[in-house]
Amino acid sequence: MIQFVFIAFMVLTLASALVVLLTKNVLYAAFSLLGTFLGVSALYVLAGADFLAVAQILVYVGGVLVLLIFGVMLTNQQGNKSRGRNDITTESSNRVLGVFVMLGFSATLLYTFGRARFLTIQDSLFEAVEPTSTTQTIGVELMTNYVLPFEVSGVLLMAVLIGAAYLSTKTKN
Amino acid sequence: MNAIIALSLFGITNLFLGFLNNRKILLPATLLFVLIAFGLNLADWNHEYYWFHNMLKTNNLSINFTSIILVATALVVAISRGFGNDEEHTHPAEYYGILLFSVVGAIMMVTFQSLFMLFVGIEILSVAMYVLTGSDKRNLRSNEAALKYFLMGSFATGIMLFGIALVYGATGSFDINGIGNMVNQAKLQDIMLNPYGPILYGGIILIFVGLLFKISAAPFHFWTPDVYDGAPSIFTAFMSTVVKTAGVAATYRLLSISFPAVYGLWGNPLVYITCLTLFIGNITAVYQQSFKRMLAYSSISHAGYLLITVLAKTPTTNSSILFYSLAYSIATISAFAVLMVVSEAQSKSGKPDESFTALNGLATNNPFLAFVLTVSMLSLAGIPLTAGFFGKFFIFADAFSNVSSLFKTIAVVAILMSTVGIYYYFKPIIAAYLKKGDLEKIELSPIYKLTLIITTALTILLGIAPDLVKNIF
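Read top to bottom, the protein sequences are chains A and B.
Residues in the first sequence are numbered from 1 upward in steps of one, following my numbering.
Residues in the second sequence are numbered from 1 upward in steps of one, following my numbering.
It is worth saying that the hints were derived from the structure and are not from the lab.
Where a beta carbon is used, it is the ideal one built from N, C-alpha and C, also for glycine.
Heads up, a few of these hints could be off.
[Stated by the list, open to error] Computed spacing ranges between beta-carbons, pair by pair: (1) A:Leu14 with B:Glu87: 33 to 43 Å; (2) B:Pro195 with A:Leu52: 24 to 34 Å; (3) B:Tyr263 with A:Gly104: 20 to 30 Å; (4) A:Val11 with B:Asp86: 26 to 36 Å.
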């Protein structure tokens, strides 16, 4: 049963990721990204990472994706009005270079994962695990062992906030 | 560590100082903040501390790197001139605030003990640089540079994060010493037979790609010329000194602590990357017409020189990297300082002229600026009696002291390429002294002049007596 669920979500993730890659319409790409994010968070659940799955949905589906779609909708679409259509399409240039980068990257990953032997988890794959929540552990760790990265992320967010506010304010020309 | 906390608070203080509506106060305040951080940093000298559950580790090496970063920052702040008097279009409080935040990231990159901190540090530094690159909002080239840098930079960060995840998967640790121990234990002669070997290998390669992108080593350098050229000159000076020093320090720290046992895995690719970086950086710099763009390519080539000593792994590598970074940073900052005032004085219809021809006849009315430019160019080219000569000398000595004959080849390539460097570093000097131009006398503010005197004096002093700092490093 879990095998089927796993494969179904894997197909969902991969298929919608391919749509993102291949479609020319930016809005379609944004919407199929939704499928990718949902599929990935379902895979997190299957891996026993419940907190990560919820965070994935909250941050990516709830935040990033909505932002992305708003961005697409608010973009000036004058360019396509002449063709009587109201969508934003991408023009792909430099396909050859992109394919080379893709090939190099996937060769590295295929080599890495192809040669690796996942001995320890092979036996218990797809067996039901004890349903435990990781939330408490994450909370405790975040406030003890990993308190410095947690706090320092504040500096990062501060820099991002100031930068975004500065860059997006309107200046008179 | 105290410097990190202090600088984070000072960055916020700087933002509040922006409310005072007094632009004059920001430059001295920021300079003071950087100097306080410098003092706090030195307070830990000769002590080894682990901070917050092994997240950061400070020792003399990291304190030295932090000092170089802070000195470079102080010099850059000193030549920033408070970003002019244009109330409408420049916002110094934000610029200085973001600059201080980015220094926090840079310090984390040289003191990290956990890969978490490396990642967060790189992100803080990069995000701040994306914003500062695009800070000249009316300049299209600045906008283009910021977007390019942002897209490519986040891609590189993603790749590096993937690498960190794989290394964690293979070793089960984020701690660089912990990773080092695991790598040592894992019988690394036949790493590919080890069940975790391939994952570790993939992880190292991907982390590597991310870090090499940040220090703009070839073939990951393609963003550098456009970004350095498009960014406002003051931030280009910051990028090519502080960001480069932090990036090289982080690469060196990771490779020398975590992965010395698998030298064969990363050493061989790095040999080719180093040679390619030296070759591309120097040869392309020859063809540039713009002084600023030439400095961008020269900064690529300097990444190559620094990588030589990272590769050579001799006991003197620490001090060679430190000396080279210091010599390169002060020379680059004085070159950019001259470029900034000259290009503004030569600006045509509001756009600063950054080509070599802008320097024509500089020596006639501005002998001081011409002298500063000459010393910095000689130092970057590695001519004796300047700091740059000894920087290169130590690095080549490291390469020759390594028994492997491969290093002789690298050193020969590097020496050949540094002779190519002499050609293009002399172009501005020739323009300043031999060509005719109609440049008026340029008035410099006292702090600007003082900074130029300090950088020039330091360059000559370290060229005559390198042991002054070499003994500390």
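Violations among the numbered hints, reported as their numbers in ascending order: Checked against the structure, the hints that fail are numbers 1, 4, while the rest are satisfied.
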